[in-house]
Structure formats: C-alpha cells, structure tokens
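Produce the complete structure using the sequences and hints provided.
Chains as they are written, first to last, in this note's numbering: chain D, 8 to 122; chain L, 391 to 503.
Everything labelled a hint here was simulated from the structure, so no lab data went into it. In this text, all values refer to a predicted model and were calculated from it rather than measured experimentally. For glycine and all other residues, C-beta sits at the position ideal for the given N, C-alpha and C. Heads up, none of these hints are tricks.
Restricting the straight-line Cα-Cα distance to at most 27 Å, the calculated cross-link-like pairs of lysine-lysine (DSS-like) are: (1) 16(D) x 490(L); (2) 432(L) x 64(D); (3) 432(L) x 21(D).
Simulated coverage check for chain L against chain D, where a stretch passes if three residues somewhere in it have a Cβ under 8 Å from a Cβ of chain D: (4) 422–428; (5) 490–502.
To spell it out: a stretch of chain D is covered by chain L in this simulated footprint if at least three of its residues, at any positions, have a beta carbon under 8 Å from a beta carbon of chain L; those stretches are: (6) 38–47; (7) 51–57; (8) 110–118.
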Amino acid sequence: DGGITQSPKYLFRKEGQNVTLSCEQNLNHDAMYWYRQDPGQGLRLIYYSQIVNDFQKGDIAEGYSVSREKKESFPLTVTSAQKNPTAFYLCASSIDRDRPFNGYTFGSGTRLTVV
Amino acid sequence: KQEVTQIPAALSVPEGENLVLNCSFTDSAIYNLQWFRQDPGKGLTSLLLIQSSQREQTSGRLNASLDKSSGRSTLYIAASQPGDSATYLCAVKYPSNTGKLIFGQGTTLQVKP
Chain D
8 DGGITQSPKY LFRKEGQNVT LSCEQNLNHD AMYWYRQDPG QGLRLIYYSQ
58 IVNDFQKGDI AEGYSVSREK KESFPLTVTS AQKNPTAFYL CASSIDRDRP
108 FNGYTFGSGT RLTVV
Chain L
391 KQEVTQIPAA LSVPEGENLV LNCSFTDSAI YNLQWFRQDP GKGLTSLLLI
441 QSSQREQTSG RLNASLDKSS GRSTLYIAAS QPGDSATYLC AVKYPSNTGK
491 LIFGQGTTLQ VKP
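Structure below.
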C-alpha cells in the first residue's frame, strides 16, 4: 500500500544531542513537508521540499535541518540549537508544486521528548 | 494575516446525534480546504478535500461544505458514533509557492454511548 512511513514512533533526546527523524514515502509525490504539533498551538511548518535537492525554511526552521537527496526520503534533524524540541512531529507529502489542487497525505508521526 | 479558526474547541454529544463542526478563514482566496481526523497520538487522516470551485464534498456520513465568500466551511457528521470520537482539523491551502497548509487548532469531539 502507498503511504508515508515515519520512524521511530517515539524518540528521546538528551540535552546537547542531535537526533534525526525519518520520513519515507512511496506515493511518488514530489513535495514533502515537516510540521510540528504542540498542544494548543496547532500545526506549524518547519521545512518543505518541492523537488529533490531543494528545500526551503518554513515558519519555525530555527534549530532544525533537512536534506532531500532522494524523492522518497525527507529526514529531519533536530539539532542542539532547538531549545524546546519536545513535540509531535508530522511528515506530509503532496503530488507536486505545479498542481496545487490536491490534498496532503500525512505520516503517523514521531513523538520527541527531551530527557 | 491568513488565519484559520475552529469553533468549538471541544464538543461532547450523545451517540446518534447529527452535528456540525465549524471552520472559518480570514482570506477567501483559497486553493482548497481539507478536513482531517486525528486520533490521540496518531497522525492525520484525510477525510474530505474541497477545491475552491466546489461547494461541498461527501463521503459516507460526512459532508463538508465551503462558502468562500463568507470564509467558512462546515463538516457535518450524521448519526454520530463513539468511533467518531477524535480531533477534527481544518486546513486551508492558499496560492503560493510553498504548498503550505494553514491549520485551525481543531475541534475535539467526544461521542458518548
């Protein structure tokens, strides 16, 4: 079945550590996105990529980094510069940037906790 | 500023009741609007997608309407069931190069047996 796979489901980070969240899709979608979800704040865009080898900052990119070396994969690294990383992270994809009349598909999320 | 608001934030109803969830957006020049369902600790599941040229979409017991001129969408759930208990999120896509969705904060629904 086509879809988006996020791993791990739960991740614990120590102070000062970098951690990487995985996002893989087999939908042949060009565009991929990372959102952060906090209680009471809704979803906020961290980074997005509309094509391989290209990505752009979203609304809250500070302390995060991404790469898009393959169409199927869009990993997110939470660096030690992100001071409040505890949140639920959601990866999403959509068909392509030239056809805006389409919906998003989301993964099942990764819950990151600082210990 | 482009904002999406969902009212109420929480709703509790007895099983079998028909109900309406509301979504409003400040800028009416949207590309499309998507309704999602989120169960606790889970990702988002797409329920209905309404293009800017459409007025409504239906899937089973769900019906979503769109009124661009008033900046509103409603999600109608018929004959609610305990399994409908979840958070429902409304998201709007505007013309831009980012493809970004703007989300409301959601309505948490509890359907009591």
